[in-house]
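S.K.: Chain residues, written in single-letter form:
2 protein chains.
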Amino acid sequence: MNIDKLASASFTEEAIQLGKQAKAAARRLAVLSSEDKNQALQLMADRLEAQSAFLIDENQNDLNAAKKAGITGAVLDRIALTSSRVQSMAKGLREIAALPDPVREIVKMWRRPNGLQVGKMRIPLGVIGIIYEARPNVTADAAALCLKSGNAVILRGGSEAHHSNQAIGKVLQAACGETAVPQHAIQVVQSTDRALVHEMLQLESYIDLIIPRGGEELIRAVVANSKVPVIKHYKGVCHVYVDIDAELDMAERICLNAKIQRPSVCNAMETLLVHEAIASEFLPPLIAKYRDAGVEIRGCDKTCALVPGIKKANEEDWTTEYLDLILAVRVVKDMDQAIAHIEQYGSEHTESIITTDYRRSKQFIERVNSSAVMVNASTRFNDGGELGLGAEIGISTSKIHAFGPMGLEELTTTKFIVFGDGQIRE
Amino acid sequence: MNIDKLASASFTEEAIQLGKQAKAAARRLAVLSSEDKNQALQLMADRLEAQSAFLIDENQNDLNAAKKAGITGAVLDRIALTSSRVQSMAKGLREIAALPDPVREIVKMWRRPNGLQVGKMRIPLGVIGIIYEARPNVTADAAALCLKSGNAVILRGGSEAHHSNQAIGKVLQAACGETAVPQHAIQVVQSTDRALVHEMLQLESYIDLIIPRGGEELIRAVVANSKVPVIKHYKGVCHVYVDIDAELDMAERICLNAKIQRPSVCNAMETLLVHEAIASEFLPPLIAKYRDAGVEIRGCDKTCALVPGIKKANEEDWTTEYLDLILAVRVVKDMDQAIAHIEQYGSEHTESIITTDYRRSKQFIERVNSSAVMVNASTRFNDGGELGLGAEIGISTSKIHAFGPMGLEELTTTKFIVFGDGQIRE
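Heads up: the protein sequence lines correspond to chains U and W, in order. The first sequence begins at 9 in our numbering and counts up one residue at a time. The second sequence begins at 9 in our numbering and counts up one residue at a time.
Don't read these hints as lab results, they were simulated from the structure. These figures come from a predicted structure and were not determined experimentally. It is possible that some hints are incorrect.
Since the list can't tell identical chains apart, any single copy or any two copies may satisfy a pair.
With a Cα cut of at most 20 angstroms, we get these calculated EDC-like pairs of lysine to aspartate or glutamate [claimed, not checked]:
#1 LYS99 with GLU57
#2 LYS116 with GLU417
#3 LYS128 with GLU417
#4 LYS235 with GLU212
#5 LYS116 with GLU400
Could you build all of it, start to finish, from the sequences and the hints given here?
M.R.: Printed below as a string of structure tokens:
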């Protein structure tokens, strides 16, 4: 008897069970009032705080296991729950409750010559599967964003946070149970076996969207195996281009902020492009400040000629997402060359031009097709909260369905609504 | 030596070549003016007409091969090009030229408390792959819709129309060559081997979206094998629900139209639901008219009791897309039961309520989440042209990116645009 096959069949069943329950819950969620959903979110927040000790206890099991497995540093820290982190999860839930409900919004409406009134109305996607790394806070955030947008969610977090995720899930579900929200609106996968993830990815009849959050390897594996649509977020190789007409003080302020304020995130600048006419004035003092802040510079030939002791950038540097205090710098002939560089090496994530020239600001905005294109602002603003979406479930770098930060609206779709007086087709 | 492997490697190369060329063309297309694109579309239309004899000659090769292969009837007719069909392709292209250009439309714009002006601007998706059956007119239509929306397209039509598609592609490309549109904006795949299709589906670095048009089997195979996002169109099991308060004349007119006007298409009604209180008045005369029109009725027990000689519907009938002069009829207790039926058996395509009751019209619109939900109108209106989108490249039944008819707007995405005055993140 083939154990593999047996095991796989049982995972298929388990996944289908999750999917069926989620789909049934999604039908009921789709027609709930905003008040009902907000009441559940508020109660979820209250209960997370009230059960803080339980959550921290359960988290201790994960931390102990992680330490035994030799996990340390930033990764261990990401898994850890403290009372202030639980409070901040609860705060996040209350913020989501306060956001406008996108469901049943009528996006537009028009009239046809035959008198039909036609419109588009927002509706939930249905069932969303989230596959993520060992970050317990994602369990609460993602559940809340999906609930507010009327979607049922199946959460599958990293196994290193298994006990924490189960505990958070239990608290959230119990809170929902006291409200109008259906029991299976939020489901946290119990199995830690990857076979179950594989089975989830086959459920195109039950799951409408998969959002993987984590490293590129995880995301590529999900894309390669999924029959369910996937919204993916690959890397961010973000550029700032400092134009000949830039105000240099502003340019310096933005360049320092875009690299240093939080280098480990996808919207941090990785490559700086500088117009050749201002490079000798602009770069040396900026690079001195970068060095004071511990930033390693990798420069093109011209950059290296301007400032002594700079490591020469190689071809790979232009495509690397360092996520660290390292910056590639290139001197370019003009905006055309900057845009050509961005098209050749960039990742269509975030690019900013620093300029005082009206025409070039407009051209840069129109010609660069990244998920966020900016004038005189730090790339660090490409974030759902900063752009005004309220909260985000991720940043999409694929152009299908959503491009850039995904907020509540991006967790919905639209249906056509048609009001007639007996019209038929001739 | 393994011939299979050799062959596959050469297809990989061919597909990558197509992808690279398309991606380069897409970059140039994205920044073309509407005038440049419209000029190309007009010229494409002129040249199709001027080369009508050449197209019909080439089509003859396909027709001869098809006849040899025993293809007859409707399938053979679909492949055939006549001078009036070429004219109608040209007319389609001119209509697309006359539609508004969605590219660079600023969809909305808002201001953040820190003074950042943030907006969303429409941009093309990039490269679109269309995989379709043997319908030569799709080659021209799809190419025109993609071009107008600023996308490069790779067209892979059914091999039974191979010569026709190659000829149409040649004419369209030659016309583009005389305009600002880049050479590889429109590419028609030359190989008829399915291995090339498989390779296309792996090109997530070059192709942004795959749209399969054809039977369910083709679409499922594409979904199962594609790393590129797919927008799919499965079946349409469309319902009309005739409410207790329906105006019966109007209801009859709509029911006849929804079933009979063109039974072979996805937005034709497949199941009729009738409120029990009006069934005995409404159904017998309607069913008599259906029978006069050659429609076979498959009814629930109550329907069979009302009209003699009706075949009893089985469970399978409720989920079947007949695409033919067959109609399933069920008498229901009320709107709740009608909606429950639609949720259990429907395909989320198109549903219409016939009623004079204000409250139920509003509830039906809000509670039924199909791609088009209608009041007092024929399901046959769920069509891009009829709803006012101008033209359509297909009807999506998945909720990601687009739900329902896809026009030019649905072939675009939006990027965030951000205008600052030196803002940085604190």
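S.K.: Each hint needs a verdict: does it hold in this structure or not?
M.R.: For each hint, the structure was consulted:
no. : hint               : in the structure
1   : LYS99 with GLU57   : within (10 angstroms within a copy, 65 angstroms between copies)
2   : LYS116 with GLU417 : both (14 angstroms within a copy, 13 angstroms between copies)
3   : LYS128 with GLU417 : both (13 angstroms within a copy, 13 angstroms between copies)
4   : LYS235 with GLU212 : both (6 angstroms within a copy, 15 angstroms between copies)
5   : LYS116 with GLU400 : between (24 angstroms within a copy, 19 angstroms between copies)
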